[in-house]
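Under our numbering, think of the first position of the first sequence as 44, with each following residue one higher.
One should not assume that every hint holds.
Taking lysine-lysine pairs in the DSBU-like style, the calculated list, with each CA pair at most 30 angstroms apart, reads [unchecked claim]:
#, residue 1, residue 2
1, 514, 297
2, 468, 532
3, 423, 464
4, 489, 423
5, 470, 106
6, 532, 470
7, 489, 370
8, 470, 255
9, 297, 255
10, 514, 423
11, 489, 514
12, 532, 489
13, 378, 297
14, 395, 376
15, 395, 489
Worth flagging that the hints you see were computed from the coordinates, not collected in a lab.
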Amino acid sequence: MTTFHELAIVCERIESISSSLAITQEVATFLRALEESELAVCPLLLMGTVFAEWRGLELGVGKSLLYAALSSASGWSARQLDELLREMGDVGRMAEEALRRRAQRTLLSAFGDDGGLSVLEVYDILERIARAEGRGSQGQKVQHLEYLFSSCSPLEARYLARLVMGEMRIGVGEGIVRDAIAQAFGVSSEEVERAYMFTGDLGEVAVLAMRKGSEGLREVRIRLFRPIRVMLAQIAPGISAALEEMGEAAVEWKYDGARVQVHIQGSEIRIFSRRLEEVTHPLRDVAEALLGCIDAREAVLDGEAVAYDPSGRPRAFQYVLRRFRRKYGIEKKRKEIPIHLFLFDCLHVDGKPLIDESLRERRRTLEQIVRESGVVSVAKQVITSDEEEASAVYHEALDAGHEGIILKKLSSPYIPGRRGKHWLKVKPLMETLDLVVVGADWGEGKRAHFLSSYYLACIEDDTGRLLEVGKVATGTTEEQLAEITEMLKPLIISQEGTYVRLEPVKVFEVAYEEIQRSPNYPSGYALRFPRFVRVREDKSPAEADTLSRIEELYARFQ
DNA sequence: TCTGATGCGTC
DNA sequence: GTCGGAC
DNA sequence: GTCCGACGACGCATCAGA
């Protein structure tokens, strides 16, 4: 039996190592020593995930329930915990410190291993937390958590807190675990990876590797109604660079919607999202349409679901979200916001796996089995090596209201879960905005003790008032992060938990992908994918961009 | 019965 | 989704 | 090239508490 304490010890050791090879080695050694039932869950725990995606279980615990549980277990108030979080810069360290400083009370785990939690007990209780629902469920979740924290040593609490928040921060992700499983059980990383594509569960793969080795891993096949991880695209600096990379390419429109994977067998159909959640019911109109237009007994298809207005113009991404995870009012919304499905790949048809076939071959099959309808079509594609021609497709896509293009290598197989150079996306660069910094958040983890997230405002034309348009937190180097923190510190007006209000004197140049309507920000607009470009030392707040400029930019791309 | 906060998925 | 940093 | 972690906005479901 493995105790949670042992897991915590390993995590602490790993956290102190920077070499990924050495980390892999540690993980492999740990995995090898586990019993089978533990092996099914520990690979995920090390990554800070509790449940495999396909299980569809969620903890439903975030910072606020964590505070509630820690309050009971440690005697600290939620407010004190928030201050402690800022001080420690990490939820794990916060929990650890809160327990360390708690009023003395019974602490079983301090007196030997007999009272300590086992890994499986912790997992079991986390599952109960996930399954709690209905009236009083938050109270139950908190009670379970409180029990765990009360039975924990401070070190265990560090990793327990991070685990429930879904962030272990020890440098172990899918890649490391994949290699560690390979190393632990004498199989190749490629074999582990392949089995992982089809099962979506590294715990299951680890058990399989232990019991049956390479042979077992190679037997894993794509299964109908068990979604597989989707292939992703990499950003290319431009069309010419992308074409240079691949020569002749399949150039496809990049639709701004949500990724879906369709599994059909006879009259049965299921639609899955990118994270392998089932979304058949909210998209039942799409499902019905698909049942009528696929000429195959069984098929697994890949595509993008896009929102349209009734006149046939694609709508902003926000509208897809209104359909996507909906449980109520589906009928009403399907009329308001029709969804169109563009299929661009096919991974399995009539018992035949296709992922190892070339894109050219898969596309041919796709075109054969799809009869286009008002709801379903095959994604637009032009095969070319000519920059002008590709550029024409690009502008066509943008004019039609889409995101850009994807260039795909015709000879490439479908590689689930990978973001490789076989698929390259090209999107336009937007003009930047100069915005006033009016607040900031203290960071966590490697950003602890830095002001790392900045609240931005534009200027209301008539009044000169500052109106928030969102936050930016990426695009800075570590060096800039330190400089900016020093620059902003003297401007702090007030502080509450990790939030800091600032005198509005600094201006940041910010890049973004798109301007959205926002129901949340006072300006009525927000930036999609904002990133920091530079500090505008040369600009005073009065010279920052105005609301009317933002309105113009928004209107230009509608 | 309604509203606001929270959690979690999409990008 | 974006980005920077480590390897 | 690949992996990892630290972060962005939005919309829906859920639950607690008024």
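- [ ] Determine which of the earlier numbered hints do not hold for this structure and return their numbers in increasing order.
- [x] Of the numbered hints, 2, 4, 5, 6, 7, 8, 9, 10, 14, 15 do not hold.
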